[in-house]
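2 protein chains.
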Amino acid sequence: MKIINNLNCRVHSTNVQDKKMAGAKTNITEKKFKLTFFPFKMSIDVQGGSTILEAVRQLQLPLKASCGGKGSCGDCLIKILAGNYKVKASAALSQELIDKGYALACQTKVTSDLTVQLPQFEELSIKTVHDSQFFESHREKISGQFEVNPPLKKINLNLPQPTIDDNYSDLRRLQRELQKKYVCTRIKCEYSVLKKLAQIIRQNQGKISVVFSNLDSLPTILDVRGQEENQGLYGLAIDIGTTTIVLQLVNLENGKISETVFSYNQQLKCGEDVIARINYAQKPGHLEELQELIIQSINNLIAKAITSARILAKDIYLASISGNTTMIHLLLKLEPNYIRLAPYVSTINQVPVLLSRDLGLKMNEEGRVHCSPLVGSYVGGDITAGLLATPLYGHSQKVSLFIDAGTNGELVIGNKDWLMTCACSIGPAFEGSGIIRCGMPATAGAIENLKIKADGQIEYRVINGLKPKGLCGSGLVDLLAELFYGGYIDRHGKFNLKKDKKRFKETETGLGFLIEKADNCYWAKDLFLTENEISNLIRSKAAVYSACSFLLKKLGLNSTQLENIYLAGGFGQYLNIENAIRIGLLPDIDRNKFHYLGNSSLLGAYLILLSNNNMQLAEEIADKMTYIELNTEPQYMDEFMAALFLPHTDIDLFPSLKGELDVK
Amino acid sequence: MKIINNLNCRVHSTNVQDKKMAGAKTNITEKKFKLTFFPFKMSIDVQGGSTILEAVRQLQLPLKASCGGKGSCGDCLIKILAGNYKVKASAALSQELIDKGYALACQTKVTSDLTVQLPQFEELSIKTVHDSQFFESHREKISGQFEVNPPLKKINLNLPQPTIDDNYSDLRRLQRELQKKYVCTRIKCEYSVLKKLAQIIRQNQGKISVVFSNLDSLPTILDVRGQEENQGLYGLAIDIGTTTIVLQLVNLENGKISETVFSYNQQLKCGEDVIARINYAQKPGHLEELQELIIQSINNLIAKAITSARILAKDIYLASISGNTTMIHLLLKLEPNYIRLAPYVSTINQVPVLLSRDLGLKMNEEGRVHCSPLVGSYVGGDITAGLLATPLYGHSQKVSLFIDAGTNGELVIGNKDWLMTCACSIGPAFEGSGIIRCGMPATAGAIENLKIKADGQIEYRVINGLKPKGLCGSGLVDLLAELFYGGYIDRHGKFNLKKDKKRFKETETGLGFLIEKADNCYWAKDLFLTENEISNLIRSKAAVYSACSFLLKKLGLNSTQLENIYLAGGFGQYLNIENAIRIGLLPDIDRNKFHYLGNSSLLGAYLILLSNNNMQLAEEIADKMTYIELNTEPQYMDEFMAALFLPHTDIDLFPSLKGELDVK
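If you read the protein sequences in the order shown, they are chains L and E.
The numbering used here puts the first sequence at residues 150 to 813.
The numbering used here puts the second sequence at residues 150 to 813.
Hints were generated in silico from the structure; no laboratory data involved.
Do not rely on the hints blindly, as some may be mistaken.
Going by beta-carbon spacing under 7 Å, a handful of chain L positions derived as facing chain E [stated by the list, open to error]:
(1) Leu327
(2) Lys337
(3) Ser495
(4) Asn498
(5) Pro501
With a Cα cut of at most 27 Å, we get these calculated BS3-like pairs of lysine-lysine [unchecked claim]:
(6) L:Lys356 x E:Lys344
(7) L:Lys432 x L:Lys453
(8) L:Lys773 x E:Lys330
(9) L:Lys432 x E:Lys344
Built from N, CA and C at the ideal position, the CB exists for glycine as well.
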């Protein structure tokens, strides 16, 4: 990744001297300077003297400024990685942060080329990298198969020299040898292979290596090289999330994961959730832009992975991609608008195997792209792939529940004979988006775990042990539970001001519960949670619970009949199950029935990459799912309303909490 | 055809005035002028004052100049279509020709932009345009089927509006409707169709028109449009000859031929026969150039046909191409060198269906290209297609012979159970190339038919009734027969000078037989034939006869056992059978057994275009052919040597000529 290397160099060359000298320059407004923003790697030329916030607005990057650019809210915090700039102290920016290179975009004028990081989008630290040990431990725990039997194979052939009595065409001789090793009656050969076939055979005295695919309806020769080149055969497992993209470079000959890389989805600048992206796509040229952004994101990851693994892009022949229905439509530049409009129709669910060159992915020129089959407008290939990576389907007759919770939540109930699924809009409250000001993704500086002690002291654990920057989803779940059971809020989420007066504080956005004081926080700003934000968290948890109870009722089941609950997605990954039940997010059943899956969508994509059987199984799973569109079910709204309490209107649904609730 | 239209305008603006004025200009050598050569449509900028021959040399166009540019041989005759030029009278150029706009390239200096025609390559006049009447009369006379059942179909569908209870994806709803009309379990859909599917369905309220293909291993949707567009469904039948290309635009819905257009193969400038082209391809960049030239030739013909038919290129979805093995390799940019080198191996014989966009053909973006299957290095798809258009295979158990004679000759003997084939090098003697100075293609001005009367007078018929420019193949066969049986040459082809002294004349290239005096000739030059040229003609006829007798002996048959002989290709088309037998080119059997086929390669390509069954039959025919490589058969050389007499060493092989021969 050349850009990132450059970045490292420039960071070191920046110093305080530069910042002070910059102020002395004259005629700065006549010059143009280049601003580059990370992690989006987007650049723009601006007039000297303009603010960084103006550039951010022009590029439509996701950076809030609640106060409208007065320097009071501190929302537009940025970190300057390289370059000279005018920094201005303000109530919302401590000297400590200025010294660390932070600034407020609205208060910072451009006086040189700058490299700027949007701290909200600092490098991800994704924990779930699947290694061989992980797979060993999961071998019996999934619906798919852990096997190295990919739809692409490399086969070495020694073609005999042609003679006058055996002067079949080059292709025919190749096919004949291939058929000795691989039984098939008809073999297709790509045109690009035909163009080099005669020379490759002769330059290598017939000792050739054939890349052979079973992805198309006929077995197909994708490539021919000399055996001596000892060329690699690699594939990609890619999980395209609305927020993040994770890519694994996999050796298709032994199934080993060579690299795991990840980044934000560059589409973030066009909207934070799928509905915002679909709306964005409606203007001319925007659908093209969204596709380009996602392709660019993936190509950057490919470049990073192959540089690190020291292989070539032409060694990559297959990508197995999982993503939600909107992400897949945007990847393929398919009109997404009808996903959003009743009756919620996608263009396609079973995506045919595509050519990587048709999408612009930097792989072998004959590279193939497989997308995990979609189910409906709001249940996508991430769920199909996810189910492949869980034991829900295939290993048991007992009924289990799969929940993939992020900005959208998808739920599947079923067993190997039937599957019923629905999707609900959880919203970004637990996802670290701007709805909750103290919210943040589960990255360095996030409170991931929290407890309010009897004496009112708050204990918490911060990712990477920094001073806290905010709370990620699991921290917010803990906070909500502790606030309720500690008596700081009532069942409606309203503050009980009598409980501990010094914890409540008036803020710009209303009365807030003080989680941590500015002095102890990374950004030197108080961390607090307002009633309005609590209401948002309750709506989010209610969406999940009511979707679950709706599905169960539809099936005539109750939650205790669930054999297992599998939690997938970033939200589920670090969740305190007990607290999730205590706030009424998850049903109150035996805690031993809950299982964390991590990124099951990525694992499913990996399983498909490595096995024809898994690829077929994914289709079977998608076919089997009965998809309920909650948008059109009035009964769901009733369930949702009933769940807008802590833990629920009907506390009999939470028998294990009875003691705690009775005390209240 | 924009270029040709321009040309017409400029021709009319040229007049004698221009020519005279041109000489007066000064400083002409300091200017650059543009020369454009037809029919190759190639241009070059040259310095004023240089000769046209120099430009011809630079462009490597096929124009001879035996005298080395002295203006004496008259070989480099050209016609100036537009522009000013200095014309110089010479012994080799009459005033009559100057007045018609002719000039000698070596004697003509450039003093303005010029448009030049190489007369040797004047517009073709191809006679065999197949019309429906032709097909009716041929219905029972071919191996294939006359049926309109093409592998591409247009199907109108009325998709019901999606509802919340029927909200399958757009593609699934389309497939469901399609399956009601067309029974199949899996249907593929091209990516380009997916990208527009959602909008096309909604813009047309579900009333759509689907173009559907059975060419790939799965039924495939190639296009979707609104029914109201009333879009056409067209295909191309293309015969790519070494010298000429013929293209038919065919309505795939009713099988009607909408246009027939033809042109020279622009590759001609790179060599006249396949070996010359293969040699040319060996230099870097030359293979690419040869492909570009052939694609350009075809694209020019497509443009001409669709302009005339008033359709759009995107309405053309399929091309059925037949050509010899070298032409197909060059079309596909496949290395042709191993066709030429022992053991004569092609890259491919069964060409997969390709995408027109991969070749650069201007058709629908999802257009498909089918090439008639090849048999071996020197028996190509023109023969497979040709056999489809003859009754040889499929209708009879009796054994027949098929001969496609051009620069190369291909022979097939067989019936519906077996086929044996070989190719021989006839050379361009009968093809109007430079080997025979009086030779020319069967175009306007060619003597196509000739008789020497008892009094020594020569009677002949000229195509289009002009003064003769030369003799085409059938004229040369007649001449050779008449010279031999008239006693002007002996069995070795040597002149009998005693016969008619005034007919023999010393020429630049040796003693020649005077066919017509300059005064009566179009080019105002004597038409004559030398002993050396006669020897070339004898070698050519011997090649055909010996290939035939070799095959027959290989099969243990004699010529009288042949039920029929089918003659295809330009050479066979106007041939006087009696004279062809009299010179020993064809075997001496019942004349009623001979049948002219015309351009059977084109007819075969048309049959394949319109019928899946014919496409499969062509593969079956190619598979069935046993290919004998004559290059490696010493017995063939013996047969060839024995045939180097008129009519043959063994005159017992020609019983019907016994009377005539005894007289001699």
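Each hint, compared with the structure:
1. Leu327: 14 Å, violated
2. Lys337: Where the cut-off is 7 Å and the nearest Cβ of chain E is about 6 Å from L:Lys337, the hint holds.
3. Ser495: 5 Å, holds
4. Asn498: 5 Å, holds
5. Pro501: Result: holds, 6 Å to nearest chain E Cβ.
6. L:Lys356 x E:Lys344: 42 Å, violated
7. L:Lys432 x L:Lys453: It is violated: about 32 Å lies between the C-alpha atoms, which goes past 27 Å.
8. L:Lys773 x E:Lys330: This hinted pair holds, its Cα atoms lying about 26 Å apart.
9. L:Lys432 x E:Lys344: Holds, at about 16 Å.
Hint violations for this structure: numbers 1, 6 and 7, all remaining hints satisfied.
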